[in-house]
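Enquirer: Chain A is already provided as a structure; the job is to place chains B, C, D, E, F, G, H, I and J on it using the hints.
Residue numbers (this note's numbering), protein chains in the order written: chain A, 26 to 121; chain B, 26 to 121; chain C, 26 to 121; chain D, 26 to 121; chain E, 26 to 121; chain F, 26 to 121; chain G, 26 to 121; chain H, 26 to 121; chain I, 26 to 121; chain J, 26 to 121.
Simulated from the structure, these hints should not be mistaken for laboratory data. All clues given are correct.
Output of the computed footprint for chain F on chain G, the stretches with three or more beta carbons under 8 Å from beta carbons of chain F:
(1) 82–92
(2) 108–116
From chain A, some residues computed to sit far from chain D (all C-beta separations above 12 Å):
(3) Asp46
(4) Glu47
(5) Glu52
(6) Ala54
(7) Arg61
(8) Arg66
(9) Tyr75
(10) Asp82
(11) Ser115
(12) Ile116
(13) Arg121
Each computed BS3-like pair below joins lysine-lysine, with the alpha-carbon atoms no more than 27 Å apart:
(14) F:Lys49 <-> F:Lys64
(15) E:Lys64 <-> E:Lys49
(16) I:Lys64 <-> I:Lys49
(17) B:Lys49 <-> B:Lys64
(18) E:Lys64 <-> F:Lys64
(19) J:Lys49 <-> J:Lys64
(20) A:Lys64 <-> A:Lys49
(21) C:Lys64 <-> C:Lys49
(22) G:Lys64 <-> I:Lys64
(23) B:Lys64 <-> A:Lys64
(24) H:Lys64 <-> H:Lys49
(25) G:Lys64 <-> G:Lys49
(26) J:Lys64 <-> H:Lys64
(27) D:Lys64 <-> C:Lys64
(28) D:Lys64 <-> D:Lys49
Yeah, the Cβ is synthetic: ideal placement off N, Cα and C, and Gly gets one too.
Number of protein chains: 10
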Amino acid sequence: MLFHVRMDVRLPHDLAPERADELKQVERARAQELQRQGKWRHLWRIAGHYANVSIFDVADAQELHDLLSTLPLFPFMEITVTALCRHPSSIHADER
Amino acid sequence: MLFHVRMDVRLPHDLAPERADELKQVERARAQELQRQGKWRHLWRIAGHYANVSIFDVADAQELHDLLSTLPLFPFMEITVTALCRHPSSIHADER
Amino acid sequence: MLFHVRMDVRLPHDLAPERADELKQVERARAQELQRQGKWRHLWRIAGHYANVSIFDVADAQELHDLLSTLPLFPFMEITVTALCRHPSSIHADER
Amino acid sequence: MLFHVRMDVRLPHDLAPERADELKQVERARAQELQRQGKWRHLWRIAGHYANVSIFDVADAQELHDLLSTLPLFPFMEITVTALCRHPSSIHADER
Amino acid sequence: MLFHVRMDVRLPHDLAPERADELKQVERARAQELQRQGKWRHLWRIAGHYANVSIFDVADAQELHDLLSTLPLFPFMEITVTALCRHPSSIHADER
Amino acid sequence: MLFHVRMDVRLPHDLAPERADELKQVERARAQELQRQGKWRHLWRIAGHYANVSIFDVADAQELHDLLSTLPLFPFMEITVTALCRHPSSIHADER
Amino acid sequence: MLFHVRMDVRLPHDLAPERADELKQVERARAQELQRQGKWRHLWRIAGHYANVSIFDVADAQELHDLLSTLPLFPFMEITVTALCRHPSSIHADER
Amino acid sequence: MLFHVRMDVRLPHDLAPERADELKQVERARAQELQRQGKWRHLWRIAGHYANVSIFDVADAQELHDLLSTLPLFPFMEITVTALCRHPSSIHADER
Amino acid sequence: MLFHVRMDVRLPHDLAPERADELKQVERARAQELQRQGKWRHLWRIAGHYANVSIFDVADAQELHDLLSTLPLFPFMEITVTALCRHPSSIHADER
Amino acid sequence: MLFHVRMDVRLPHDLAPERADELKQVERARAQELQRQGKWRHLWRIAGHYANVSIFDVADAQELHDLLSTLPLFPFMEITVTALCRHPSSIHADER
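Extracted from the complex, chain A is given alone in its bound form:
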């Protein structure tokens, strides 16, 4: 199942820089691992924002929640989840 997810990161300005760097590094490794597994299907930066638009391809909402809530930056993100399905005019078979 496909989910459209927008994540806006809001790091508190008094978070120690080393802690922030560490979080970002682990976040990045995790994001790339999930992309390689095909679960985090698309990942774009929103121009001008510390934010991304993503498409997840997961078994269900449970798997989505488990992936998102264990991201290192989860406590600092405002997240919007939108459930997607096939558009009758789509010509791509994998846009379910």
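Expert: For chains B, C, D, E, F, G, H, I and J alone, coordinates are given in the frame of chain A:
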């Protein structure tokens, strides 16, 4: 350049059904043509809404506007445009 | 998969009363059929509103969309969809 | 009487982790006790959020307030309360 | 149980004046009857608005919904319902 | 003159508990004194919120402001003020 | 007592022009009469909008409502009312 | 003085096409005349919207209002006005 | 030129009381000086809020910005600026 | 390509003044350098706000993001990005 576009269709309830059907048919043909050209790269339905989330791959904002504003349903759509760029953690070369 | 859905009905005031009654009657029959099938698991009225809060138990977002978009009142409803999953503190096995 | 309640938890990032853990543990025990008593009838996680959607079955708004305001995480939650009643199309006797 | 209700009336400008007058007359008679029964406990006009703030004293949300949804102007009102309970600092016994 | 006032209390989580208790105790005493004087005519808790809905009966907006702005919790409250007047359908003489 | 009032006029596009002109003419006469009486103390146009910002000097909210609700354009205006009082730093005696 | 203006055009779907065309033609002529006079200094289309962002260079808010309120499409536009002034980091003399 | 300005003051709760008092004292002196100069033409308190509504009479937006941005409380205020002009129905010559 | 950008700066009140001054100084130098390069084409202050409206002329959204996200005040700014294109009524060749 990639743009994230959300389109919510709001047909007036007193629009003649034949007119609505005609608009939808032309819209569909146009959407599929643009997908085949690679300009309308992704197209998903938002579950529970007469709406879609799309990714456009166009030369610039001018081309995007020309494509969107000539869609048959344009006068009846609420559109949100978001400019995308490459996310540093993306592993896919075409997610510019 | 469980989805939380809120539907607010907004009938245009110039809709013919017979047409409105007909739509409501078919809507009701369809809602009860889906409840008997176990797909529309819960259905509550929101006090003071021509609106409901519902829980759907469906295979995925596609099935949800197919059910919602074929409801007779769909063109007159403002719908909000929220994907649910299991809460770690829930004691009920069917609250997936 | 049934109430629909959404709770969004917002823990301050400088709350001591042990204090947070303690609060969550007591919250969980209390939530399960109330579920066993039948007062907290349903409890779902909202996918991608540190939030839940719940249905409470209580004598009145007073009992609801007493239950919610004594939850350990109450000071850190944004809460939305919606009063429910029977939907004329419901087929379930306990959806009052 | 007490409910706080705000009602904003929005009559379509093309509603026939006689129909509007008739609706208002029946609404007024109904409102006064419910006040005499003690169910519509308070009723105030909001200065500058075609709107009111009311306090209802009813058995439960079901009775509230039955009263509100049968008001003649119900189809033309935007309604906000808020469940009340006793404030620990209140000195009035009937402010439950 | 009657004013409808909603007060939402937002205590900073790092406010010393003794300071918070002291503020609440003085607030309570002040609220009860104003109720006995007939100036704070009604006071209800909003179920599920650290908030109240109140009706003030004061000479004018100046007296209202003087009362509200000297409440101990004033710096921590989000306040909404709505001016009321007589509703033509009210049957109660004191609902001016 | 002083009230700050913002009025945004929204004339339906299918209102007959003669009817609109007539309403505006009567509105203007009434506004000027109230200004001469000192009740409509200030009246400014908001640049770029069919809207005004006004200060009313009336006995109470009742008089304000009676003035506003009998304006010919009242049914077509979105109105916001804000109760004013004396600012401790004001040097003008009539800014009560 | 410079003003930043955003105009969103919302033509009613039942406006006669010839009337709409006529309005647009006159609007265009007027917009170009004002640009040539230097009063409508900049004019950009917002991609994906029937809307523009403009910079006006006028004597004051009165002149701005006179220009905007006499545009043929004024009754069909939602307008947002923002007053600009010189930014201390600007290197362009005419960005007052 | 006239500008309508609303200022909502939000002092951080951990600001030292002496610092707050000092800021308010200087703010008050400055506000009264500007009133005597005729630049801060009106100043009202909004009942129930630590906020004011003001009318400024200045040469242009530049002078307005210079006045507002040098107020001692500027860093702690949420400010809304609205450009005013003459209302065709105004009878007061100085309501330009 | 042209982008319309609004930046609202929100400096935390407990940021050390020297640190704030340093950030502003570097920000200013960078802003002027980008203006000289023609990439930051316009820059205006919004009257009454610690905010600006800007027009950027860049190759694409990627370049815009790289410029914005490396501004010293980026972590403290709320940014809104709007993609522009040529308006059919514009008479200026560089308003693409």
